[in-house]
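Number of protein chains: 2
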Amino acid sequence: MVTKHQIKLIKSLTQKKYRQQLGLFAVEGIKGIEEFLNSDFKLQNLYTTQPIFDAPKQLVTDISEAELKKISSLKNPNTALAVFNIPKAKDIDREELIIALDDVRDPGNLGTIIRLCDWYGVKDLVCSANTVDCYNPKVVQATMGSLTRVNITYLNLEEFISATNTDVFGTFMNGENIYKTELPSTGIVVLGNEANGISDSIKVKVDRQLTIPQYGESKNTESLNVANATAIVLSEFRRRLIEK
Amino acid sequence: MVTKHQIKLIKSLTQKKYRQQLGLFAVEGIKGIEEFLNSDFKLQNLYTTQPIFDAPKQLVTDISEAELKKISSLKNPNTALAVFNIPKAKDIDREELIIALDDVRDPGNLGTIIRLCDWYGVKDLVCSANTVDCYNPKVVQATMGSLTRVNITYLNLEEFISATNTDVFGTFMNGENIYKTELPSTGIVVLGNEANGISDSIKVKVDRQLTIPQYGESKNTESLNVANATAIVLSEFRRRLIEK
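Chains as they are written, first to last, in full-length UniProt numbering: chain D, 1 to 244; chain P, 1 to 244.
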């Protein structure tokens, strides 16, 4: 059974303010919860309609389908909801390839960018303070567990870039053709906001402007979606590793 | 002024059934509407709070902000809503690179895939009958006008592939490393459903299974988002063009 107090607490976790106050966030669905249970994340409570999880008994609450509906933020809740502690971000490894997000606002975009980092072995994702929170339920859902394997740090992006002695890359309309240029295995790659791209204060800190060239006759496409641009840029950086 | 009858008609266009019955769909926002006005698409009606569009006067209705809210499917409506005719799909050019979607269900994914086709000069996108409708308002919104430059045909994907004499590519977990293999400038590239990938009946028709390799230690990422996979695959096909 789930108490009124618990329902209120869990529902409050859809808001960033309460996630930060409480240091907690929610994960829904069997696969996602299993990924977090098998990671370093610390379980606080697991509410489930089926006794299928490998979790400490004192943290598990059996609930009904109707109760699950009350606590879920999904249209079609799936079996269980778990509350985990938000971990402290680990130290950033500045000797590796780092992805930096400059005010990415869409939860779906952030979620799929986290999956891309995981796929391409990028350990550190750094985000400007105005980037959407990675513990937002829509982000957690979209990451499909990759959130457990990528170290995400929210920080002042300008200060971070200034304090890090490495190449800084960004995507622009008139930069070097990304297919033809040499790319190193380390550096910071900045991706910008969905509507405005990379902000001026960050742009001046970019050492190398890269461009994904357009093909075909029209060349009218305004821009690529930021997650798709991240996919192509990461693909190009990592492709160089096997060609060496 | 917008009549009750018009409000009912416009609101009905959020449903595929009515879009198909009426042969109409809606576009919202200044930029999107301008792209459609500058294309082959035929305008039916334009409802606007500002007289800023280059459109035949008899098709333009001035409305208030309150009226715009009544007809819009957006949380924050932007200036105008236009109703256009759904055009007949043009003939498919089988001598070019074709993207084929096998039951892609998410409107955001289809929208960004249409943008990718436009960016990379892919003229024909073919979709299985169960792929989300490209005139769904969320798809139209996500395409940012690219819908006017990509020819989209809904068809029986099995029959289309069988009837087309070209290489058929698909992405799988254990295929050829896409970075190392030769890729032609023509062919059909199949991308699968978000949850289930490429269906068995299509899989048997794929001549060349491609794999986007994972990097890093974990290699636990289950899969890439289908739009991101499309981005990487298209990037690889088009990269070969400049290297020749």
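There could be a bad hint or two in this list.
You can't tell identical chains apart in this list, so a pair holds if it fits in one copy or across any two.
Claimed, not checked - With a cut-off of at most 25 angstroms between alpha-carbon atoms, the simulated BS3-like pairs for lysine-lysine come out as follows:
(1) K16 x K180
(2) K31 x K138
(3) K138 x K75
(4) K88 x K205
(5) K57 x K17
(6) K16 x K70
(7) K205 x K70
(8) K11 x K42
Read the hints as simulated data drawn from the structure, not as lab findings.
Hints, verified against the model:
no.: 1; hint: K16 x K180; result: neither (42 angstroms within a copy, 44 angstroms between copies)
no.: 2; hint: K31 x K138; result: within (15 angstroms within a copy, 27 angstroms between copies)
no.: 3; hint: K138 x K75; result: both (12 angstroms within a copy, 18 angstroms between copies)
no.: 4; hint: K88 x K205; result: neither (28 angstroms within a copy, 49 angstroms between copies)
no.: 5; hint: K57 x K17; result: neither (30 angstroms within a copy, 49 angstroms between copies)
no.: 6; hint: K16 x K70; result: within (20 angstroms within a copy, 31 angstroms between copies)
no.: 7; hint: K205 x K70; result: neither (47 angstroms within a copy, 45 angstroms between copies)
no.: 8; hint: K11 x K42; result: within (19 angstroms within a copy, 46 angstroms between copies)
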